[in-house]
Every structure is written in structure tokens, then in C-alpha cells.
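A.B. asks: Just so you know, the sequences run in chain order A and B. Just so we're aligned, residue 1 is where the first sequence starts under our numbering, counting upward by one. Just so we're aligned, residue 223 is where the second sequence starts under our numbering, counting upward by one.
Quick caveat, the hints were computed from the structure, so don't treat them as lab data. Every residue, glycine too, gets a C-beta built ideally from N, C-alpha and C. Check each hint, because a few of them may be wrong.
[Stated by the list, open to error] If you want a taste of the chain A side facing chain B, the calculated C-beta under 8 Å gives, among others:
no.: 1; residue: 9
no.: 2; residue: 12
no.: 3; residue: 98
no.: 4; residue: 99
no.: 5; residue: 100
no.: 6; residue: 170
[What the hints assert, rightly or not] Distance windows between CB atoms, simulated:
no.: 7; chain 1: B; residue 1: 303; chain 2: A; residue 2: 107; range: 58 to 64 Å
no.: 8; chain 1: A; residue 1: 83; chain 2: B; residue 2: 391; range: 36 to 42 Å
no.: 9; chain 1: B; residue 1: 407; chain 2: A; residue 2: 177; range: 57 to 63 Å
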Amino acid sequence: MPKTDPAIEELLLRLLSRPMRAAQRDALDNRVASSFLGAGEARPARTKRSRRLILLVALLAVAMPFAAAGVDDLSALLDRLVPGPEFQTELDAAMAEVPLPDGRAWPDVPSLDAANFRGPYESDPPPDGDYYQAGGGHSTVEYIAACIWFDEWLVAHDSGDAERQAAAAQTISAIPTWDLWTSPFSDKSYTDLLQRVIDGVESGDAEPLRQFAALNCDFGEE
Amino acid sequence: MKSTYQLIGTAVGDACSDSDEELALRAGTDREAQAQFYLRHREAVFRYLRARCRDEDVALDLTAMSFEKALAALPRYQPGTAGVRAWLLRIARNAATDHDRRRRPFISFWPMNTDQPSDQPGPEEIAITRDEAFRLQVRLLDLPEIQRDALALRYGADLTAGEIGTVIGKSEEATQKLIRRAVARLKEAYRAED
Numbered sequence: 001m002p003k004t005d006p007a008i009e010e011l012l013l014r015l016l017s018r019p020m021r022a023a024q025r026d027a028l029d030n031r032v033a034s035s036f037l038g039a040g041e042a043r044p045a046r047t048k049r050s051r052r053l054i055l056l057v058a059l060l061a062v063a064m065p066f067a068a069a070g071v072d073d074l075s076a077l078l079d080r081l082v083p084g085p086e087f088q089t090e091l092d093a094a095m096a097e098v099p100l101p102d103g104r105a106w107p108d109v110p111s112l113d114a115a116n117f118r119g120p121y122e123s124d125p126p127p128d129g130d131y132y133q134a135g136g137g138h139s140t141v142e143y144i145a146a147c148i149w150f151d152e153w154l155v156a157h158d159s160g161d162a163e164r165q166a167a168a169a170q171t172i173s174a175i176p177t178w179d180l181w182t183s184p185f186s187d188k189s190y191t192d193l194l195q196r197v198i199d200g201v202e203s204g205d206a207e208p209l210r211q212f213a214a215l216n217c218d219f220g221e222e
Numbered sequence: 223m224k225s226t227y228q229l230i231g232t233a234v235g236d237a238c239s240d241s242d243e244e245l246a247l248r249a250g251t252d253r254e255a256q257a258q259f260y261l262r263h264r265e266a267v268f269r270y271l272r273a274r275c276r277d278e279d280v281a282l283d284l285t286a287m288s289f290e291k292a293l294a295a296l297p298r299y300q301p302g303t304a305g306v307r308a309w310l311l312r313i314a315r316n317a318a319t320d321h322d323r324r325r326r327p328f329i330s331f332w333p334m335n336t337d338q339p340s341d342q343p344g345p346e347e348i349a350i351t352r353d354e355a356f357r358l359q360v361r362l363l364d365l366p367e368i369q370r371d372a373l374a375l376r377y378g379a380d381l382t383a384g385e386i387g388t389v390i391g392k393s394e395e396a397t398q399k400l401i402r403r404a405v406a407r408l409k410e411a412y413r414a415e416d
């Protein structure tokens, strides 16, 4: 039991100067980063398509290396930032590896082109020298693939094509093993949302998937 | 143009040797300096507000609000005798005061860290610290608000007596007396329990 002034002071110092927890730091950084945007940047006029793209990017946080990293030591984050051309290499490699349904192709969208990538509230492509978080490209590609598989399942469900529906369901059920689910870009609110879709697919209920796709699967395809 | 998120990310690793004043002046117009300003001062602001508030989530909200206001005001910042830390903590204090006027009438206990790195105390030591933390929080709430505030600025935000005086509107000498009286009062409260 503290009985002297120095002991009281030491107790005050020990308990009041504890650092923020990592989760608190991330939450705070997220919010302040959003406030920067509200305070300083001129927002371009947003089309309906770009609002959906904003949601996509917000979910993946490819252009938010700091906010989405989930790392305790911010200085270590720089090791995971890569320049645009390297990011494009990651995108291309992922597109070669991540499977799509037969007959489907990757859409021609800004999210798959580092030179023209649009973050939220940005009207112009990034200039030379911008950096992206390593791994974000692979997650972006998987996210777009997931949406394509969701559409595949819906088309099969609505047309009564059981075999095609089962093939799509098999891939969708494996999404929890993807980087999309397990990477630092993901969090519980996001995986909970995806789990609802997966549960619906596995039970034959199309509604969660329809809702998800309507809100989150428009990538601004040209 | 770099997005704000990229600025915060790239600012992390920049070696910024600017003094607090130099950084604040640059941050009036330079977005990278704004990010660095935020990163440099966020712990101190949060610790003060956590010491002052009854809820860690509230402290986080108020920290964010304080920086929103500070960043908006930086273009008008003029160096004063007490410095930018006092300026920033005064913004935080005003945010806390405004919140206190609308606060809920219950106490929430500060949660202790659950994700301990390997060099942190084990469960027994955490249990002892939890008890100490609870008792200290109760004792702090018994203090007059200005004493509690001074302790939060001193031990949470690590301000000097002069800086604290600027924040709370007292001279350095008066602030030193205030802190001594607050500590003595805590000491007396613990002694009365024995």
C-alpha cells in the first residue's frame, strides 16, 4: 500500500502513462485519417458507381496501409509498402492464380490497374512514387473473384442449374481459407458479413448473397 | 496527390527532427507534417483524456475530436510561451469539459491490457495492478476536478508545471502547489484506508 508521496507519484505515473493498446491505436488512426479527408481534401463529385467502389476500397483498405495494417509497430509498416509497378505485379500474379468460373474473365476496372487505381475521394490516378501495401493487391483480386463467384451462384440458383450452383457453392465455401479472410486487411465485421453469405449459399438461401452483391460488387466496370 | 491514409503510413518512418514548434508551424500548410504532428502527440492526448474520462472508448472519441479541431486550427497557430503541447492539450481539455457536461452518471473501470507481450507482467502482477488501478481511479474521482485534471496532464500527458498552468489557466507556481496538494490528498486517502 503506497504510504509516501514518491510511492503515490510512482503509482500515478505507472497507471496513467500506459500506452494505447494496438486496437485502440488502429481505431483512432482510422478515424483521424477519415477526418483529414473531411477537413482538407476537395472531394470530387461522386457517382453512384464510385460510391460502391469506395465501399470496396474501404473494405479492402488497399489505399490505407496504415489504417488497415493491424501492426503494432508503425515503423515496421514501411517494410510492407511497395511502389505502383510492384503492386501491379502482385495484381497480375493474383489474377493468374485466383480461379474464376468457366467462361468468366477479369473485369476492366480501376481496382485491377495500379496506374489508374482510385482510392476513396480521389479523382485522379496516383502520381509516380505512391505506395501500396504488399498483400493488398492479392486481397483485391480475391474480393473481385468472390463477387464473380457469388454472381455465378445466383445465376445458377435463379435458372435452376443445380450442377453449376453446386460447383459455385464449393468455391464459395472455401473463402474462409483465402487471404481475403485471413489477412490483416480483414476484420471480424467483414468476415461476419461474408459468413452470412456463405451460410446462405450452403443452405440455399439466396437473400444474403443478393444483398451483399447489390451493395458491394459493383467495381465500376467500363 | 497522396491520399491521407498513405500520408499517415509514410509519415511513420520519416525521421522528423523538427522541434514541436517547427512541426506545428509546418503542419499549418503541409499535409505530411500534419500526419507527423498527429503521430507525435496522439499518445499524450489519449493518456490525458483516459485519465480524465470514465470510459476508454470515450477517451478515444475525444482524442479523435481533439485532433480534428487541432488540425483545423493549425493554420492559425502562433507560438506562445507555453508551447504547442499546452495548446493541444487545452483543446483536449475543452473537449473533455464539453463532454462532462453531457456525461452519463456511472463509472466505468479502465480495462487493463489483455494482449501482453512477453516482457510484461504475468497474471498475478496484473491482478495486483488491477486492484491498484481501481483504487486509484476511485481516489482520483474524489479529488476536485482541477486537481484531477492537473494530475492527468502531469502523469498522463507528461506536461511540465508551466505547460499545465497554461492549459488550466494558472501560474506555474500555483500549478506546482495544486499538484502537490492533489498528491498529498491521495496519500491521505490511502492512509485513511489502512
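A.B. asks: Each hint needs a verdict: does it hold in this structure or not?
C.D. replies: Hint by hint, here is what the structure shows:
no.	hint	verdict
1	9	holds (6 Å)
2	12	holds (4 Å)
3	98	violated (25 Å)
4	99	violated (30 Å)
5	100	violated (29 Å)
6	170	violated (36 Å)
7	303/B with 107/A: 58 to 64 Å	holds (60 Å)
8	83/A with 391/B: 36 to 42 Å	violated (50 Å)
9	407/B with 177/A: 57 to 63 Å	holds (58 Å)
Hints 3, 4, 5, 6, 8 from the earlier list are contradicted by this structure; the remaining hints agree with it.
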